[in-house]
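Here the protein sequences line up with chains A and B, keeping their order.
Reminder that position 49 of the first sequence reads as 49 in my numbering, one-by-one numbering, no gaps.
If you want my numbering, it's the 1-based position in the second sequence plus 1000.
Watch out, some of these pointers could steer you wrong.
Said to hold, decoys possible - Partial selection, computed: residues in chain A whose CB lies under 7 Å from chain B:
#1 Arg22
#2 Leu25
#3 Arg34
What the hints assert, rightly or not - Computed footprint of chain A on chain B; a stretch qualifies when at least three of its residues, placed anywhere within it, have a C-beta under 8 Å from a C-beta of chain A:
#4 1039-1049
#5 1214-1223
#6 1322-1334
#7 1499-1507
The hints are simulated quantities; they were obtained by calculation from the structure and are not laboratory data.
The model shown is predicted, which means the values in this text are computed figures rather than measured ones.
Positions of the beta carbon are idealized from the N, C-alpha and C atoms, including for glycine.
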Amino acid sequence: MNAPCEQPVSGINRGRLRWHCRRGLLELDLVFTRFLDRHFDRLDEEQLKVLERLLAHEDQDLWDIISGRGACEQAGLQGLVELLRAT
Amino acid sequence: MKVPVRRFDAIIVGAGGAGLRAAIQLSEAGLKTAVLSKVFPTRSHTVAAQGGVAASLGNSEEDHWHWHMYDTVKGSDWLGDQDAIEFMCRKANEVVIELEHYGMPFDRLDSGRIYQRPFGGHMSNFGEKPVRRSCAAADRTGHAMLHAMYQRNVKANTQFFIEWMALDLMRDEEGQVLGVTAMEMETGEVTVFQAKATLFATGGSGRIFYSSTNAFINTGDGLGMAARAGIPLEDMEFWQFHPTGVAGAGVLITEGVRGEGGILRNSDGERFMERYAPNAKDLASRDVVSRAMVTEINEGRGCGPARDYVLLDITHLDPKIIMSRLPGIREISIQFAGTDPIKDPIPVVPTCHYQMGGIPTNYSGQVVVPRGSTMNMPVHGFYAAGECACASVHGANRLGTNSLLDLLVFGKSAGESAVEDMKKFPKAHKDIPPDAIDRSLERLVRLDAQRDGADVHETRLAMQRTMQNHCGVFRFADKLREGVARIHEVAQQVGQAGIRDKSRVFNTARLEALELDNLIEVAVATMVSAEARRESRGAHVRDDAPDTPERPNGRDDKNWLKHTLWFKEGNRLDYKSVKLTPLSVPTIELKKRAY
Ligand SMILES: Cc1cc2nc3c(=O)[nH]c(=O)nc-3n(C[C@H](O)[C@H](O)[C@H](O)COP(=O)(O)OP(=O)(O)OC[C@H]3O[C@@H](n4cnc5c(N)ncnc54)[C@H](O)[C@@H]3O)c2cc1C
Chain A
1 MNAPCEQPVS
11 GINRGRLRWH
21 CRRGLLELDL
31 VFTRFLDRHF
41 DRLDEEQLKV
51 LERLLAHEDQ
61 DLWDIISGRG
71 ACEQAGLQGL
81 VELLRAT
Chain B
1001 MKVPVRRFDA
1011 IIVGAGGAGL
1021 RAAIQLSEAG
1031 LKTAVLSKVF
1041 PTRSHTVAAQ
1051 GGVAASLGNS
1061 EEDHWHWHMY
1071 DTVKGSDWLG
1081 DQDAIEFMCR
1091 KANEVVIELE
1101 HYGMPFDRLD
1111 SGRIYQRPFG
1121 GHMSNFGEKP
1131 VRRSCAAADR
1141 TGHAMLHAMY
1151 QRNVKANTQF
1161 FIEWMALDLM
1171 RDEEGQVLGV
1181 TAMEMETGEV
1191 TVFQAKATLF
1201 ATGGSGRIFY
1211 SSTNAFINTG
1221 DGLGMAARAG
1231 IPLEDMEFWQ
1241 FHPTGVAGAG
1251 VLITEGVRGE
1261 GGILRNSDGE
1271 RFMERYAPNA
1281 KDLASRDVVS
1291 RAMVTEINEG
1301 RGCGPARDYV
1311 LLDITHLDPK
1321 IIMSRLPGIR
1331 EISIQFAGTD
1341 PIKDPIPVVP
1351 TCHYQMGGIP
1361 TNYSGQVVVP
1371 RGSTMNMPVH
1381 GFYAAGECAC
1391 ASVHGANRLG
1401 TNSLLDLLVF
1411 GKSAGESAVE
1421 DMKKFPKAHK
1431 DIPPDAIDRS
1441 LERLVRLDAQ
1451 RDGADVHETR
1461 LAMQRTMQNH
1471 CGVFRFADKL
1481 REGVARIHEV
1491 AQQVGQAGIR
1501 DKSRVFNTAR
1511 LEALELDNLI
1521 EVAVATMVSA
1531 EARRESRGAH
1541 VRDDAPDTPE
1551 RPNGRDDKNW
1561 LKHTLWFKEG
1571 NRLDYKSVKL
1581 TPLSVPTIEL
1591 KKRAY
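Model the full assembly from the supplied sequences, consistent with the hints where possible.
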């Protein structure tokens, strides 16, 4: 089930992050929908921050990172990328 | 209830290719211009376009806009308006060069000029042989286009309202458009955006189908808003299907896979395309392949537990070729089909890809409606461009790479018309009648008050399955009739859909419920228009319209060479004639569409 949206976790709004998973590429919509359904409610504050950084990428770069075609240059994102890929 | 008001000269709803191009025109003319978008501009669906944008630059070989025009008319199966098609093809070079000047990093020839590649349906010398007409920026054409135009807008002081969702169009008693109501996602509050010119560039509505290559954001908001405000929707029965979307996911597998030797197989392992197209086989045109696939599935030779897909087999290809010539395909297949195509075939189904119909406009981007004795009266203050609009250049079937061109040409011309109209009729903002705002507020109040409403996800799924099963690639009279009854039932449910989470801040459940209000208008328009059109033309193919000498491919020009208009009020249909007279050249005469 959807977590209520009006509970900012130290400045990070879950509803906003959920909306930022809406992308221009269908590939990303599908990956993130599965991810949100299975993991979103359990992410802690640190993980949410990592997700926020990941979502700041451009669509094409993000898909390259998730599909393993492109390297992820920022440190600290790899764990979440693995989780996304495995979902 | 008091609703805050913001005033602009022009507001544009949508920040994809069409919206950004229009905004450049308005802002650079010194007008106070606002652009609203549900997502950050460079995340609009235009980002998905890879193939390129068509223009007869003739950089690699001889080409001419007149040849491009011929291809587009033929591609449209003669339903496209020939004045608009001439306008688009003649303007192509200008808008592509402009885009280059905005900083678009096109692929280049050694000479420094823009590199061009061939694309299906684009030919030289009136259909003789393929021509290089598509201009691309590697496999990121749409992405690069959005970037270049967003930067240009920032320089021109366009004001962006990002993560705002437009809810409804506001009109006065005379029908003049006065702006939109919109909700800021961060607060959930509604604001009135008042303007002298309102321009819709909200993109396609491909999510009405269960299987779609479109991103989730393509929910037809502009069409829903227009329909609720009494504007008809044109030619909604025409949807292009791509033969190879991954079954269950929709993600597009490019034609290149079959180009490299990929083979379609049914549950017997048979290469069934040999029966349908003995020469071209798996490389026959999109509509032929899609129809063959559906016939196989309908006759019980589909694969999988529900026998509802066929297989795209590349296991016989050298893995090195797969990796080098088809990059990305393996990842897509592993992620979305759960199979490694080097070892196992990919499950695929024909998948909804592009909407040819939309909000009716002329080639100047003004929205036009029937009024009195004319069928094409401009609506004061209202413009539309891009996939949400129907100019109509794509008619019954769009050619690849003509859509990005449409965004540029009609984004620009719609913007120009708005500038000109404001000069011609310089007026203050008109007062907004209070009931113009009520429609949006009532929708929100209903959503908040609804108890035990139908679930939004389930209702959307019911709509998508109804469209897929009753109004897909291949259409049957009885299925369509049932489909009309069924989609009206779903529409009733949508009117009572509810959400449990009533919070305000970034409530995606609420946004999705509001989107569903728009999707359902498009779905009803599509089903009703398709049921009524008793011929086959372009992408609309009916089982009961056979190929005869008088009716080539089932096309019935005597009775059906006309545009459909669907009105929400009274669920009514009307028709208007196709413009067969171009601007300066002779009519491209009707003939059988064959490649
Ligand atoms: C996978 C794929 C590949 C394609 N490749 C090509 C190609 O190579 N060449 C080609 O010519 N065509 C291609 N097409 C088609 C083409 O990409 C689209 O037709 C085109 O990008 C649509 O652009 P647009 O500006 O009309 O809308 P979009 O780019 O979809 O933008 C719509 C905008 O409207 C906004 N919006 C919508 N509703 C609201 C609302 N209620 N409130 C506020 N904002 C709203 C969105 O936020 C977005 O900014 C492809 C399509 C797909 C699916």
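- Query: At a threshold of 7 Å, is the proposed contact between Leu25 (chain A) and chain B supported by beta-carbon distances?
  - Reply: Cβ of Leu25 (chain A) sits 5 Å from chain B, so the hint holds.
- Against chain B, is Arg34 (chain A) within 7 Å by beta-carbon distance? Violated - the Cβ of Arg34 (chain A) stays beyond 7 Å from chain B, reaching only about 10 Å at its closest.
- Would you say the stretch 1214-1223 of chain B counts as covered by chain A, given the rule of at least 3 residues with C-beta under 8 Å? holds (count 4)
- Item | Hint validity - Arg22 (chain A) Cβ closer than 7 Å to any chain B Cβ | holds, 6 Å
- Item | Coverage of the stretch 1039-1049 of chain B by chain A (three or more Cβ within 8 Å) | Answer holds; 8 residues pass the 8 Å Cβ test.
- Item | Outcome, coverage of the stretch 1322-1334 of chain B by chain A - at least 3 residues whose beta-carbon is closer than 8 Å to one in that chain | holds (count 4)
- Outcome, coverage hint (the stretch 1499-1507 of chain B, chain A; C-beta under 8 Å; three residues): holds (count 6)
In this structure, the one hint that does not hold is number 3.
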